[in-house]
Amino acid sequence: MRSDVTHIAPSRAWAGIALSPVWHSRELFAFLCWRSIKVRYKQAAIGVGWVVLQPLLTMLVFTVIFGKLAQLPSDNVPYPVFAFSALVPWTFFSQALSRGGTSLVTDASLLTKVYFPRVLIPLASCTTPLVDFVLSLVILLGLMAWYGIAPTWHVVFAPVFVLLLWLTALACSLWFAPLNVRYRDVGHALPFVTQIWMYGSPVLYSAAMIPERWRTLYSLNPVGGALEGFRWALLGTAPPSPGTVATSAALVLIALAAGSVYFRRQERNFADIV
Amino acid sequence: MSLTAIRAAGLSKQYFVPGARPRSDSIRDEAVDRVKALLGRGGSRDSADLFWALRDVSFDVNAGDVVGVVGRNGSGKSTLLKILSRITEPTEGTADIHGRVGSLLEVGTGFDRELTGRENIYLSGAILGMRRAETRRKFDEIVAFAEVERFIDTPVKRYSSGMFLRLAFAVAAHLESEILLLDEVLAVGDANFQRKCLGKMEEVAGVGRTVLFVSHNLGAISRFCRTCIWLDRGVLKAYGPAADVVGTYLSRTGGTQDVGVLVFPDDDTAPGSEYIRLLGARIVNHRDEITTAPDARYPFHVDIEYRILRKSSGLRIGVTLLGRDGTPLLATKDLDVLPEDLERAPGRYVSRCEFPGELLNTGQFFVSIGSDTPMQQSHFFLDRALRLTLEHVGGVGGHTADGRVGLIRMRMNWQMSSVP
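Order-wise, the sequence lines are chains V and H. Take the first sequence: its position 134, counted from the start at 1, is 124 in our numbering, and no numbers get skipped. Just so we're on the same page, our numbering is the position in the second sequence counted from 1, plus 3.
Treat the hints with care, as some may be off.
Restricting the straight-line Cα-Cα distance to at most 25 Å, the calculated cross-link-like pairs of lysine to aspartate or glutamate (DMTMM-like) are [what the hints assert, rightly or not]:
hint: 1; chain 1: H; residue 1: Lys141; chain 2: V; residue 2: Asp(-6)
hint: 2; chain 1: V; residue 1: Lys32; chain 2: H; residue 2: Asp291
hint: 3; chain 1: H; residue 1: Lys336; chain 2: H; residue 2: Asp235
hint: 4; chain 1: H; residue 1: Lys141; chain 2: V; residue 2: Asp175
hint: 5; chain 1: V; residue 1: Lys32; chain 2: H; residue 2: Glu122
hint: 6; chain 1: V; residue 1: Lys28; chain 2: H; residue 2: Glu152
hint: 7; chain 1: H; residue 1: Lys203; chain 2: H; residue 2: Glu150
hint: 8; chain 1: H; residue 1: Lys203; chain 2: H; residue 2: Glu122
hint: 9; chain 1: V; residue 1: Lys32; chain 2: H; residue 2: Asp156
hint: 10; chain 1: V; residue 1: Lys28; chain 2: H; residue 2: Glu122
hint: 11; chain 1: V; residue 1: Lys28; chain 2: H; residue 2: Glu117
hint: 12; chain 1: H; residue 1: Lys336; chain 2: H; residue 2: Asp298
hint: 13; chain 1: H; residue 1: Lys240; chain 2: H; residue 2: Asp68
hint: 14; chain 1: V; residue 1: Lys28; chain 2: H; residue 2: Asp156
hint: 15; chain 1: H; residue 1: Lys141; chain 2: H; residue 2: Glu152
hint: 16; chain 1: V; residue 1: Lys28; chain 2: H; residue 2: Glu137
hint: 17; chain 1: H; residue 1: Lys336; chain 2: H; residue 2: Asp247
hint: 18; chain 1: V; residue 1: Lys28; chain 2: H; residue 2: Asp143
hint: 19; chain 1: H; residue 1: Lys203; chain 2: H; residue 2: Asp291
hint: 20; chain 1: H; residue 1: Lys240; chain 2: H; residue 2: Glu95
hint: 21; chain 1: V; residue 1: Lys32; chain 2: H; residue 2: Glu152
Simulated from the structure, these hints should not be mistaken for laboratory data.
Extracted from the complex, chain V is given alone in its bound form (with noise of 0.2 Å):
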């Protein structure tokens, strides 16, 4: 009956998350992913509706004020269309935000009773919106087919900004998890944060409307190219530079890095303090 000898000893400094028990974890994974939909869902009246209802009104709101009377302009898409393209993967990024950067201290009872490799709750946390986006997912291509608009063959790569969204996602919450279990202040300033970024992102109206010399600027937030990149793939409208996608891709690899350092010299404290 005996298996592998585990050996506790206090963490050295500079380790990142070992990643080899992480994938041990797979089924607690899967297991923690379906809870939280199923936590999720249960006790709402309307359930699974919220979903398509969230992005669906607030791209309502967002035509009428912004597409017309403030007349923005969507890049020859109709602007409803223009709107929700960016709402749909824009709403599953600030979930997995808003969920991941809270979800150690929602999670306490987990934490100060057992153990598993810590890092699998804000993950499954980022994880388990995709369910949402997907279903949504379903309501956009509704939409453009009721428009009449046909994807291009650059859906394929769709996959790859929903990547970039995620990954900008988890390395957020591996920064703004440990934080909160230290800080309550995190999990009030995170809402505030989301909305300020979501203004910062080309959601409700077109980059080519930033002027040049803030481009560069504009192009550091990830979230900004991954957004654009999906309404391309998509819609068809005017791609994001190859390098916008690069600098964002390489920001959000840097990220994950130092944040998978922090998360580890952080998590040996969690059940301590949370």
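Given the coordinates of chain V, work out where chain H should sit on it, guided by the hints.
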């Protein structure tokens, strides 16, 4: 078979505790502290706020051992279990654990309150790294042990605390782990379930699994554990055969216990004479649970367990009840009601003295126990052997909840008649 299951070497855990200075809970506080630290006005981590919950603890546990862990509250017992289960990291020192670790720390394990009993069983399995199929094989056994068949598809947040604990224990004990860490599982639950738990623990150890068992129930520890660890203020005071360690622990801590039980090993060191040897004493409430805090409304018992070594007649077992300040309130002997020349043959006995409910007021009392043969010999006498705290449960007679002065809270007879 003496393979090592756990090898702890110099385990230490330092906590940063809100002692002299409140902890900074917001970034603003912390920022203020950091600035102060920079200006040299009190570092952000004063050494006064640092406290060693565990200090240089080393021991080896062989596979298949059942090890008790005793110590006062705050002696580091729970910290030790948390480190061994990897919930928290040691500040210094190392531990090698051979095999998977299942744990039940405090009441309520890693259950998700929103999920049903069934789902929580699978969750616990997944946390231990078991495949679904493996968990499924154990499923029926767990449910049967926990006696929650009817509620298995109910969210555990609707479980009674008893059901919750039963399921938690069943999961910890039945899932495939080579090492089982249990913290105060016997502190709750009825006597029936406690017996079941202890039985299961023995069975678990019988198949070569290792159990580390923190409890205030010294009776259970000396009965079920081969060896015992005694922690005192984070330091390992003793580690050896359970009977010895429990005996020393009791004698060093002055006999007066935070627990409603007193246990002596069945050997020459136990109090007694050539006629009788004291084995233990305990306070048992009306629900048959060992406790320090019986409910003042209901009867409770003081049980005294002993071995008669030589046939004796006229030997008495006695209990003296004292107030908090040591004032004797009453003394009672078993021969007050049993025949005066009662004969006891060699063997093991329990004498039970029942205190009625609605007699003692809430508050603290002491119980001394002793045995003598009148006019001949005193066999043993333990002053203030047990401490008990009668709990506040409302007023006399249950009508109003006002507190009353005095040591006694009997319901007296009252009559009223109108005067013409």
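- Against the structure, test the hints numbered earlier, and report the numbers of the ones violated in rising order. 2, 3, 4 and 17
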